[in-house]
Amino acid sequence: MRLNRHQIPYLVTALTILTALVVMLEAPAAIRIPVMLGFLFLAPGMAFVPLLRLPQRGYEFTLGVALSLLLEALTATVMVELRVWSVELNLEILGSLTLIGCALQIYWPAAPEEPENLEPDTDGLGWGAS
Amino acid sequence: MNPTDLISNDSVLRAISNATGGFLAGAALTMLVLAIPIAVSLFASYRLGWQQSVSSQSARFDLSLIALPLLALGLWAWSLPSIDTRTIPDIGLIGSLPLLFFAALMVLAISFGFLMLLNPAKSWLWLLHLGLLILILHGTLPILYDVPRFPWTYKHIGVTSYIQIHNGINQGLDAYHNWPGFFALGALWTEALGMKSSLEFAKWAQLVFNLLYLGPLLMIYGTMGRSRQAVWVAAWLFFMTSWVSQDYFAPQAFNFYLFLIVVAVVLNWLNHNPQVRTRKARAVAVASEFSSDETNATTISSGDTISVSSIQTIPDSSLNSNEPVMQSEPRLNWYFRLMRRAVQSDQAGLEASPGQRYGLIGFLIVTFMVIVSSHQLTPFMLIAGLTALAFWRRLRYPWLPVLLGVLVVAWGLSFAKSYTTGQSQWYSSLGQFVQNLQENTSETLEESQGRVTASLLIKVYVLFIWGLAALGGIQQMRRGIVPLRAMLLAVAPFPIILLNSYGGEMLLRIYFFSLPFMTMLITGALPLRDDAISTAPNLESAPEFANAVPNLFEPSSSPAVVVRRATNSWRVVPITATLSLVVAIGFICTYTAKEKFFRVNPEEVSVLSELYAKAPPESLIMLLNDQFLPIRLTGNYEQFLHLTWVNTTLDRNIELNKDDLNGMELELKKSNRPIEYLVFSASQRDFFEENNILNPGNYDRFRALLARSKTWTLEWRRGDVEVYALRNPDVPLPVQPDPVQPNPPAQTPAKPLEPNRPERSLVGLK
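Chains A and B, in that order, give the protein sequences. Residues are numbered in the working numbering as their position in the first sequence, beginning at 1, plus a constant of 16. Residues are numbered in the working numbering as their position in the second sequence, beginning at 1, plus a constant of 136.
Don't read these hints as lab results, they were simulated from the structure. All C-beta atoms, glycine included, are put in the ideal place defined by N, C-alpha and C. It is possible that part of the hints are untrue.
[Said to hold, decoys possible] Between beta-carbon pairs, the in silico distance windows are:
hint: 1; chain 1: A; residue 1: Leu98; chain 2: B; residue 2: Thr557; range: 20 to 26 Å
hint: 2; chain 1: B; residue 1: Trp340; chain 2: A; residue 2: Leu27; range: 51 to 57 Å
hint: 3; chain 1: B; residue 1: Leu607; chain 2: A; residue 2: Leu27; range: 45 to 51 Å
hint: 4; chain 1: B; residue 1: Glu754; chain 2: A; residue 2: Leu98; range: 44 to 50 Å
hint: 5; chain 1: B; residue 1: Thr847; chain 2: A; residue 2: Pro50; range: 51 to 57 Å
Start from the sequences and build out the full structure, keeping to the hints where you can.
Take a look at the structure:
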């Protein structure tokens, strides 16, 4: 089932809220680890990359994962250099950024996807196109 | 049957020459067993219509193509329990792999061959095969090992733990603290996941990083491959030739991922190629190829088929008028001819609005900042690649490498100042090509026959890959295709060896950074057929194409243009399977050639973790050799002084005796430390004796000497790992500090790790 672009910010917001609950309630590792992995790999990046309106979903996903890791590395490095290291603060910053990105996506929704913008001879993911 | 039959007596050549029918019989038996499911899969595919030149979108058809991958997965999983990682022969782990493992690889390779034959449109089928390949080649060891691979992984775990404990870094300690980006990320992940140390997940790094590489690699290959098959084959080849093992829990692995991301973004959206790849542009381009009137695209005859490589796209109206490639000069010199061919050969960039481009530039700037703050070498590799693209006008914004260079200098003069101004050796190697090359190619150890053979295999394998890439590039150029971007990016890392030897690892890093583009060039040497473009007057007359390319048609316009994917003869299946298996075996040989020392003993990790946790601060940790022990693996490693007693570069056939013991006791007094610890392990013994550093049996004799000593006491023993301690009565035991320090210690100069080197090396040379 192909995910509608308009659903992405709501899903990411839900994941962020779920992650916050998991942390606050000190959920057991069996729940915390998969939820946190999902958040760390996807949420911060997928809050912003869809704003680029890339028609290739596979490329969008790839850049979303990359941006997630980049934002985490950047915030962590800044905190380490400033000697204000705190994982809780770091996660709060990331969560806030994620919610801001999702809000921007909701405020500026993407136009309905046009078939002619999709690469030919692929399934719309973009991967494998030449 | 076991391939160990091929590698007995530590000599591959002798073993191959002694190869009996045992291995062949085993292989034949395996094929017989596998023939049944393969035949069933073939029959099912035939019945579902795979003989059509264009693959069906039928779900049943797709399901038939996953039968073999699932079989490969099952065989691989079945083989895991029988892989013995405790007794690895000198030739490497290939000596311990059962035939089932190779059968799994063979089945997967055959299945990939079927994909090449049938060329399905669904990306997930190709991704499934690539994912399984990554799992089998890069995921086997993390599954089998209890602890992370490579002894030097533990230094990175220690730095990550340091940040967790001290809430900061200390630039005076070592280079890692001057480029802390990756370690800070590791610390964040560790605590966010609720773990105490990155040791709990570091062993999965190789599998995770290789899965991460897949996305940007496909994005890069999409801009270079002349067909969809070339894209997937290049990715397939990459994971089978990426043997340098720079993908473990380390800044290099993370930054290589970021390098791929930057290149992917640049090639796709910030490429200077004026051709824009949209469906409409291609349709008009195809029409103009055959139309007598270039402005009227309605006179194409149905059924015409043209090759992708001959498409001449109509120039973009926004093209820079000074672009020499598009000028219709009657006499073009070689440069213009080359550039024109390169432009025609390159896959067009993706259309991007100004807003999208600015957003992507912002993305790149963030990436640059993370790269600059987390690794020393990757920025230079990236600068080299981007500069090469900019010089040959393949980069829309030539200031990008300049910006990256500025960030490198800024970081080096600010946050990494204590290292760049205090460590002078990196200046001395600038421009020293011969010296740097020698440091990368010389063998300092007298290795066993098996490892000498393995080292030779590695060199042959590397030259084979590079040779194949050169052949592929030449083949393409003979066909009139100039894969300029792939060639530039493949060659760009090589001059970096002029800067530094990087501790003898620069050639490995060059191989790593050039490999994505080398594998794309290799596809030029393979008999892959280009995608073909056909025309049909209307949708109804080409129903078999309708389902294949559902997003291409504009039913209201005429003529319709269809891309028909490449098809190959049935021979591609056995050829692909055989070549894949050969390359995969070569990968395993090179990837695990030194696995005997790359594998870390879990008892060593356990004992050393306890040592670092319980030893008083300021203790002296004496190591006979620091290369293959998981040292500095906790966040308080900076509290201890580490000394190495044996010089593995100079010492040969030495005999450790009472004099050495006395020397170690003297070292404790000289260093004014409260306690000295000496670590023994079987891996150290094997390393010393097999490389003729110690006399045979000397390691155990020396250990027995300590056991009989009245001053040394046995503190920890687990398996074959022992730690002896010597107390210095003149120095009182310090008070254990608070493990959590809100304010990290003040900056101190870097402590020399081996002060007052003992006279061991001089004695050893006599």
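Task: Violations among the numbered hints - done: Numbers 2 and 4, in rising order.
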